[in-house]
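Work out the full structure: start from the sequences and follow the hints.
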Amino acid sequence: MSTAPIRRRGFNLPEMFLGPDDLRWADMIRGPRGRFRETDFAWIAEWGFNFVRLPLSYRWWAGADDPDRINEAALAPVDEAVTWAERCGLRLALALHHAPGFCINPPPRPDRFDLWRDAEARGCFEQHWQTLARRYRGIAPERLEFNLLNEPAHCTPAEHEPVMRAAIRAIRAISPARAILLDGRAAGTTPCSELADVPDSIQCCRGYWPAEVTHHMAWWASEPSLTPAWPMRLADGAEATRESLRARFAPWRELSAQGVPVLCGELGAWHRTPHAVFLRWLEDQLDVLREFGCGWALWNFRGSFGVLDSTRTDVAYEDWHGVPLDRALLTLLQRF
Numbered sequence: 006m007s008t009a010p011i012r013r014r015g016f017n018l019p020e021m022f023l024g025p026d027d028l029r030w031a032d033m034i035r036g037p038r039g040r041f042r043e044t045d046f047a048w049i050a051e052w053g054f055n056f057v058r059l060p061l062s063y064r065w066w067a068g069a070d071d072p073d074r075i076n077e078a079a080l081a082p083v084d085e086a087v088t089w090a091e092r093c094g095l096r097l098a099l100a101l102h103h104a105p106g107f108c109i110n111p112p113p114r115p116d117r118f119d120l121w122r123d124a125e126a127r128g129c130f131e132q133h134w135q136t137l138a139r140r141y142r143g144i145a146p147e148r149l150e151f152n153l154l155n156e157p158a159h160c161t162p163a164e165h166e167p168v169m170r171a172a173i174r175a176i177r178a179i180s181p182a183r184a185i186l187l188d189g190r191a192a193g194t195t196p197c198s199e200l201a202d203v204p205d206s207i208q209c210c211r212g213y214w215p216a217e218v219t220h221h222m223a224w225w226a227s228e229p230s231l232t233p234a235w236p237m238r239l240a241d242g243a244e245a246t247r248e249s250l251r252a253r254f255a256p257w258r259e260l261s262a263q264g265v266p267v268l269c270g271e272l273g274a275w276h277r278t279p280h281a282v283f284l285r286w287l288e289d290q291l292d293v294l295r296e297f298g299c300g301w302a303l304w305n306f307r308g309s310f311g312v313l314d315s316t317r318t319d320v321a322y323e324d325w326h327g328v329p330l331d332r333a334l335l336t337l338l339q340r341f
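Per the numbering used here, residue 6 is the first one in the sequence shown, and the count goes up by one each step.
Hints are computed from structural coordinates only; laboratory data are not their basis. There's no promise every hint is true.
Pair ranges (Cβ atoms, derived) [stated by the list, open to error]:
no.: 1; residue 1: S227; residue 2: G68; range: 29 to 35 Å
no.: 2; residue 1: D292; residue 2: T195; range: 18 to 24 Å
no.: 3; residue 1: E323; residue 2: E296; range: 29 to 35 Å
no.: 4; residue 1: A182; residue 2: E323; range: 38 to 44 Å
no.: 5; residue 1: D324; residue 2: Q135; range: 43 to 49 Å
no.: 6; residue 1: S227; residue 2: A281; range: 19 to 25 Å
no.: 7; residue 1: D26; residue 2: A81; range: 16 to 22 Å
no.: 8; residue 1: E51; residue 2: P25; range: 29 to 35 Å
no.: 9; residue 1: W30; residue 2: R295; range: 28 to 34 Å
no.: 10; residue 1: N110; residue 2: D70; range: 16 to 22 Å
no.: 11; residue 1: R170; residue 2: E77; range: 21 to 27 Å
no.: 12; residue 1: R177; residue 2: M222; range: 42 to 48 Å
Yeah, the Cβ is synthetic: ideal placement off N, Cα and C, and Gly gets one too.
Structure representation (structure tokens):
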């Protein structure tokens, strides 16, 4: 648990969320993969937000064949992000999107071990977090946090808990005050009640329901059977409304009531969803989260889910230093 009163509000910057050889989501990111932009941090702070989440693939600093051979020089882009976030007064979370032995988006070149079932993978996972903890041990806890694993899945509580606790012990042996972010099991949809006692921890949910709104015509999602609306009746006959959103977050609301802070680590909608539908859905989503003090991080900042350069066809973009800005989306986010 944590006594920190900060409600995190901000964005994901996914420029390193998949490895250098994995180009599947390259169209989601604007600009060079593997590098961040100082202006993004400055604009996030200028617009009144306080949080940035960096989803990272370990493949940027270690290879698939030798995942325990870490090239710390390759962490230079992360060093820059840490510096820029600190300079801009932002809270930054490093999140392992692809960890040794697990990725919710299995890479084209698979890992040679399984985080939930192989001791070697668990040791490698701890090693990577020890490396990051040592490298950034001088960064104040209120400026840097560690999000251990993105959207853990295909594991039971009995398999998941010891992996997380071992990594937390490894980090806290180096940085005792470092805040730990723990994504819910089942890809961020189920709270980890077995980890609710971890001091200075935040548990993280997701805001991607219903998929008929959030992933409409996304190439990696199923073929759309319905035209998005909000509210709407889903293909199974269920009603997707503000109240059904509230019901889906009930377990997270209960966790928050127990004193465990909750963060919606990712939420958003692909740019093929009609803009007016997206904004109505997002307003309800953010309002439901605010009801129980839950922070949020939009996926993403610059790109096909973002406020900048999202290439929607139904938005009147504003020029922002040469970049197309979705002012209506930004204004909505600033309200929450």
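Outcome of the hint check:
For S227 and G68, the Cβ-Cβ distance of about 33 Å falls inside the hinted range of 29 to 35 Å, so the restraint holds. Evaluation of the 18 to 24 Å hint for D292 and T195 yields a pass: the beta carbon distance comes to about 23 Å. Hint check: E323 to E296, Cβ distance near 31 Å, so the stated range 29 to 35 Å holds. At roughly 41 Å, the beta-carbon separation of A182 and E323 lies within the given 38 to 44 Å, and the hint holds.
For the pair D324 and Q135, the beta carbons lie near 45 Å from each other, so the given range of 43 to 49 Å is met. For the pair S227 and A281, the beta carbons lie near 23 Å from each other, so the given range of 19 to 25 Å is met. Hint check: D26 to A81, Cβ distance near 19 Å, so the stated range 16 to 22 Å holds. The given range of 29 to 35 Å is respected by E51 and P25, whose C-beta atoms sit roughly 31 Å from each other.
Taken as a hint, the range 28 to 34 Å holds for the pair W30 and R295, whose Cβ atoms sit roughly 29 Å apart. The beta-carbon spacing between N110 and D70, approximately 20 Å, falls within the hinted interval of 16 to 22 Å. Between R170 and E77 the beta carbons are some 26 Å apart, a value that agrees with the proposed interval 21 to 27 Å. For the pair R177 and M222, the supplied restraint of 42 to 48 Å holds, since their beta-carbon distance comes to about 44 Å.
Of the numbered hints stated above, none is contradicted by the structure.
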